[in-house]
Amino acid sequence: MTTLGPDALDLVRRRVVNVVGHELRTPLTTIRGLAELLADASEEELHDTLIPALVRNARRAERLLDDLLIAGEIDTARPVSPAEPVDLSEVVATAVDGTDVEVEAGGDVPLVLGHRDQIAHAVAHLVENAGQYADAAPVARFEHDDSTVSFVLRTPVERALPPAELELGFELFFRGEQAVTRAAGLGIGLPVARALARMDGGDVTIADEAGDVVTRLTLPRT
Amino acid sequence: MSEIDVLVADDEDDIRLLLRLQLRGAGLNVVGEAADGIEAVELCRTLRPDVVVLDLLMPRMSGFECIPVLQQDCPDVGIVAYSAVAGDFARTEMDRLGVPLRLKNGDAEPLVQVIRELAAERLR
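These protein sequences, in sequence, are chains A and B.
The first sequence lines up with residues 1 to 222 when you count with the numbering used here.
The second sequence lines up with residues 223 to 346 when you count with the numbering used here.
In short, the hints are calculated from the structure, not lab data.
Some hints here could point you the wrong way.
Unchecked claim - Examples of chain B residues toward chain A, derived with CB under 7 Å:
id : residue
1  : E234
2  : D236
3  : V307
Keep in mind the model is a prediction, meaning the values are calculated, not measured.
Glycine included, C-beta positions come from ideal geometry on N, C-alpha and C.
Required output: the full structure, derived from the provided sequences and hints.
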């Protein structure tokens, strides 16, 4: 393991605080701003607009906290309930609803063994990542063998990602060159998805295949 | 009715919603909304607002990329960068481009103030 010197540690600390602060700022700005408008809002505006937006942003801040705990491998993030059979195809169908992701038709997808919420959380990160950087509609499919089921997501990108970025994608708070100025984000989607998959005995990998970015979430079959 | 027309450009739906309500509450006209830099440029060309409130991190075309295009194509439109990012890079770039930077915050007053200042400069 590489040991960081005081200067490098300070740099990492500042970077972590900076990106976490940045990501928290959007939901908190919205929550505070909308809360200050509540008193003067009409009944209709309250129920149709303000309250749903407040709940949405509170959930976003909550999810950020969950992600940080998962990424930091904090014990609180580990599930307390036992694993159970999960229909991965249903989880994916829910996650891609309303996105550009196309799911290839295929045969029945075997059930996996895990925690539905965690798996849905991991899939959501992979779909979100693909949506942010895709230059054409990402395509999803399922693969399975005797012991595992995989959700494979192929994302066309105009410029192939440098190999170093593929490797660094699983580093906490790493954000690719194209991501830095194009979209907000913590740079923890892939490590969080991998940590969640590994809690259920699976894994997430990423590869360049003919210029497309392919992420693969693999989980044990029931 | 206010005489200041504002275009809001931010990829976050809820930030656009918040700005729409806050700016309207401050008596400003939100005449359009853009979800990325490309839409912001298109809407600025067609709507010719007095001021555009511009997020810096957006898909397709970032605020950083958008500003020189707007300054070239719509030199009469005031620009304020409204961002959750206010690190050294963003500050230096906004200084270089001559664009005021305001940090996203639940308090709309600093943003409203700079919008009014930019609109007043435009009338001079």
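Outcome of the hint check:
The interface hint given for B:E234 is met, as the beta carbon of that residue sits about 6 Å from the closest beta carbon of chain A, less than 7 Å. Hint on B:D236 holds. Least Cβ distance to chain A is approximately 5 Å, under the 7 Å limit. At its closest, the beta carbon of B:V307 sits 6 Å from a beta carbon of chain A; the interface hint therefore holds under the 7 Å criterion.
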